[in-house]
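Asks: Start from chain A and add chain B according to the hints.
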Amino acid sequence: MLGRTANNVYWMARYVERAENLARLLASTYHMSLLPAASGNDAQQWEAPLQLAGDRDDFVARFGDVSPGNVLSYMALDPDNMFSIRSCIRRARENARATRPELTTEVWEGINQSYLELEVMSYPKLVDQGFGEFFDWVKERSHLFRGAIYGTMRRGDAFTFSRLGTFIERADNTARFLAVKWDMLSPGGRPMAAEDYYRWGALLRAFSAFKAYREVYSGILEPRRVAELLVLRRDMPRSLFACTAEVNEILRHLREGAACTRLSGQINERLQRNRIDGILRSGLPRFLNGFIARNNELHGMIGQEFMLVL
Amino acid sequence: MKLGNAFDEMHGLQDGIRKAYRTYQEWLDTTAHTRLLEKHQQADLIFRRLGITFSVYGSEEGVERLIPFDVIPRILDAEEWKTVGTGVCQRVRAINAFLDDVYHEQHILKAGRIPPDLVLNNPGFRPEVLGLDLPRQVYVHIAGVDVVRSSADDFYVLEDNARVPSGVSYMLENRETMMKLFPELFAQHSVAPVNHYPEVLLRTLRSVAQPGTSDPTVVVLTPGHFNSAYFEHAFLAMQMGVELVEGQDLFVEDDAVFMRTTSGPRRVDVIYRRLDDDFIDPLSFDPHSMLGVPGLLSVVRNRRVSLANAIGTGVADDKAIYCFVPDMIEFYLGEKPILKNVPTFRCAVPDDLAYVVDHLDELVVKEVGGSGGYGMLVGPMSTAEQRSDFRHKVLADPDNFIAQPTLNLSTVPTLVDGKIAARHVDLRPYVLTGETTQVVPGGLTRVALRDGSLVVNSSQGGGTKDTWVLEA
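For the record, the sequence lines run as chains A and B. Take the first sequence: its letter number 177 is residue 177 in our numbering, and every next letter is one higher. Take the second sequence: its letter number 86 is residue 86 in our numbering, and every next letter is one higher.
Straight-line C-alpha distance at most 25 Å; calculated SDA-like pairs for lysine to any residue:
#  : chain 1 : residue 1 : chain 2 : residue 2
1  : B       : K180      : A       : T104
2  : B       : K393      : B       : A354
3  : B       : K39       : A       : V120
4  : A       : K125      : B       : R48
5  : A       : K139      : B       : L50
6  : A       : K139      : A       : M121
7  : A       : K125      : B       : Q41
8  : B       : K39       : A       : Q113
9  : B       : K180      : A       : P101
10 : A       : K125      : B       : R49
11 : B       : K39       : A       : E109
12 : B       : K180      : A       : Q113
13 : A       : K139      : B       : R48
14 : A       : K125      : B       : R65
15 : A       : K125      : B       : L45
16 : A       : K139      : B       : L45
17 : B       : K180      : A       : A148
18 : B       : K180      : A       : E109
19 : A       : K139      : B       : R49
By construction, these hints were calculated from the structure, which means they are not laboratory data.
Bound-form chain A, shown alone (with noise of 0.2 Å):
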């Protein structure tokens, strides 16, 4: 495959999965400031978005207030901010476009579909079809994307280079969010209370890892485990355990004994040999940070190893 066509592919699934996350991030926060304040609801909560993905200088610039309705314009359809949902997917089918001779036509179809039903998207239109429903909407066409890829592509450079991207995009949108989330919600020394249950809940539901919690450890909600399951655990698709662990099998199948395939394995050994103890110690967001740094390093390895364009 063309060393071009590979970087494009990465990056449309890169952006369909960095949609689906913000969306996520954006449908739990909203769910949570229905709640009495009583219940959790905090309007700083509206921050986690902005620092997750967005340019807070430039959201207050022509936004003003930090408000629920504004941040979730300026995160769902705003079309200057080059990390909101409607960029990711303009992009994500940009990518798609550019390669389209290696895709079949169901992933290509649903990419575009997506791509035609939020270009006619606008604020008004959120509001009277409901933020929940619009998220969940991004969420499944993100589903049908992997899916149809999953169902319908040949094991070639596309399918493996699509996935790369894919587990690449999610092992940081897990860090960033749970590094984003941590502080806001630790609740530091004082006792948890009824509020801190909505909220921990809602974090593990924006991870659709609620169910896996109760059947995991079968007890009441701990910050401690919550991490665990997100960082640590093997069977949760989006911990970064697992996400690691996919990458690199993948590039231990493209080239074994590249460099970049050398550190992702040691990204996966470093995350098997940690305890969450040891972690929450030093500090999670520190931990997680140092993570993401070194994702993003082997991203720019995958890069100079498979992609190179002169």
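Replies: Chain B in isolation, oriented as in the chain A frame:
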């Protein structure tokens, strides 16, 4: 202005349905009009979902539009097609012989059949490939010959697109869509299939690899996904199962062309290039081109890679050279031309020029190197101001213009604003030349959607129709 009594391909000049359309008319009579309208809307959705769009130069950047598709087919019977099909193949055979001649011995110039100046000083003539021997002596592997009709028996060639003709993906997608929308019509008609075009194209391209190449690697070279015809480039690469490359994906090393792949360089043998000569090699042609491949021309000259179409075909695509295609047919093939040329005034000839400036209101005036319906004057539909404007342009640079009488193009019933009305059409069959010269039955029918308009180009608001050739 409206051109009166144009020949309608369904109704003829008098009442009564012409033979090719009888079955279709029966179907139309028994089908609710609302159903036709529904199908029209469905077609729109299908095209949008497939992403069959094109960009219009000069309009807002990045805007993708659909070419309007009309659900009423244009139907030709076997006999009509025989004339058109053999006629366009004949022209392309002559054009290939002409190109091989002008880049070698130049017999036709020595024989005085074409003014040498017209060829040798033509901007499409490329001295860089003089004396170069091409596989099978083929220059134009893919040609799109524009044919119009003025009566039941009169077919004219309007131009021979011998550089980078586009539109074939619409021919294919139009057929796919029609078969989805109207399966019952295909059960009632015996419509000659066109879907094997990509297979024939691939075979053609492989057949012109340099001698001795086993299992040649073919690629499609596109200017990129911002190009107006990108969808077609991607479509053809996908249908043929070959890589779609941009200039940046290719490089020249050790006198060969390679593409950059995830597993290292891979040799390329045949390049179906969808960009003009000017952009193909910044070292030899336009130095500012970011689209081409530096050093490509030298590999071509050393016969280590094949380009389709070959470099230098523009000289045969020129509207002044067009006048001489009937001469080429007689000179090289010893045959009588099957299809007529439209009588053409070359403004470079003083008598012609005098006639043209006096009759601008009757003529269609075109730039010799123009395409896409840009920069032309349709006399009978022009304003006095436009004519005066063109008079100045033509007098300032007569060599750059030709003029033709305004042909009364045939019409085909077309769905416009929910009603069926007669609209002017042309036809572009796609002629492929490798081992042999062949054409898939039919081609792309373009239709001028505005009432009375004769300009069918998509860039000027034209639409397309599926073209049916009925088997005998």
